[in-house]
Amino acid sequence: YTTFYFSESRASAPDTRRGIRYLDREEAEEKYRASFYSLTNLTRGMQDQLQKINSSSQPLIVCGEEGTCKEQVVCHIYGSGAWRKNPLVIVDCFLLDEKGWSFLTDHHNSPLAKSDSTIFLQDVDLLPPQKQHQLMVCLLTMEVSKRNRLILSCVCPTGEYISQDGMAFAEKLECLNLFLPPLRQRKQQMADLVAFYLNHLNTKLEQQTLGTDDGVLRLLQDYNWPHNYSQFKRVMHELALACPNRCITEADAAQILEREKSMTAAGKQPQGEAQTLNLRQPLNQINREIAKRVLEEERGNQTATAQRLGIGRTTLWRMLSQN
26 YTTFYFSESR
36 ASAPDTRRGI
46 RYLDREEAEE
56 KYRASFYSLT
66 NLTRGMQDQL
76 QKINSSSQPL
86 IVCGEEGTCK
96 EQVVCHIYGS
106 GAWRKNPLVI
116 VDCFLLDEKG
126 WSFLTDHHNS
136 PLAKSDSTIF
146 LQDVDLLPPQ
156 KQHQLMVCLL
166 TMEVSKRNRL
176 ILSCVCPTGE
186 YISQDGMAFA
196 EKLECLNLFL
206 PPLRQRKQQM
216 ADLVAFYLNH
226 LNTKLEQQTL
236 GTDDGVLRLL
246 QDYNWPHNYS
256 QFKRVMHELA
266 LACPNRCITE
276 ADAAQILERE
286 KSMTAAGKQP
296 QGEAQTLNLR
306 QPLNQINREI
316 AKRVLEEERG
326 NQTATAQRLG
336 IGRTTLWRML
346 SQN
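With my numbering, you'll find the sequence shown wraps up at 348, consecutive numbering, no jumps.
With a Cα cut of at most 20 Å, we get these calculated SDA-like pairs of lysine to any residue:
{"no.": "1", "residue 1": "Lys212", "residue 2": "Asn66"}
{"no.": "2", "residue 1": "Lys171", "residue 2": "Thr130"}
{"no.": "3", "residue 1": "Lys258", "residue 2": "Gly236"}
{"no.": "4", "residue 1": "Lys258", "residue 2": "Lys286"}
{"no.": "5", "residue 1": "Lys317", "residue 2": "Leu341"}
{"no.": "6", "residue 1": "Lys124", "residue 2": "Gly44"}
{"no.": "7", "residue 1": "Lys77", "residue 2": "Ser170"}
{"no.": "8", "residue 1": "Lys171", "residue 2": "Ala107"}
{"no.": "9", "residue 1": "Lys156", "residue 2": "Met167"}
{"no.": "10", "residue 1": "Lys286", "residue 2": "Ala267"}
{"no.": "11", "residue 1": "Lys258", "residue 2": "Leu244"}
Please keep in mind that the hints were generated in silico from the structure rather than gathered at the bench.
Throw the hints in and build the complete structure from the sequences for me.
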């Protein structure tokens, strides 16, 4: 005898789950058209590689430093690929909360359980190690890449082509690799990037920027751009607003870039005595102090704190309650 049991339930709408988004082809193409790669025509030099990627059904991992706009490139790959008639599911591992994680890994309506979609797992290396392993097991045992177009991304350390955690996913899933070069490796293209982006800003801003002084390009080429294209867009926007004579001056560029250096240095600088960890106390007190600092950085968000530490909220509560 075979027995079937049915129960009716209403699944939450996918767009209400923090960290999981669904885009269709039109939305993805619009996102790419507004991207730095499209506005500056950077993808022109990547077309051969992108065509080869879209001709294969293998999983893909997109690697690049912070600010290299990996999501926009994935939108372009999706929009020009064979799976573009079906949804693009973006799972942002940084924003994924416990509810979203449970839905992704345990729910029957999870995108990992579906077929014929493009699934983009963004910044997989930001997951705690335990969740990285759990995600890897899900992808392999459920054979997600055989039923869907699977794309992952990771944030590379400065000067590296892939992170250590990203390499683990790439090897286990046999991924193709797409590396997005940092802005400092495109110094020879800086003049074109400036011209293209100023043309875009001129369509958005009331005042028109006609160009730059001779020394501006040299300053932009010499700057290290730690946050890459995202930082470049912000700096160019500020320069366009700062130019009173419709021409970006060397003095304006020097002032704004000097401020960027100070902001970057402040972000990396330890915050005085709060960064000093007393290792002469018992282990449970060390763990409690670490948990308190992470909780402060997450502005009291216990779910985000537990996720960063790779523990459950109950364990976090016990850790903070210890005297």
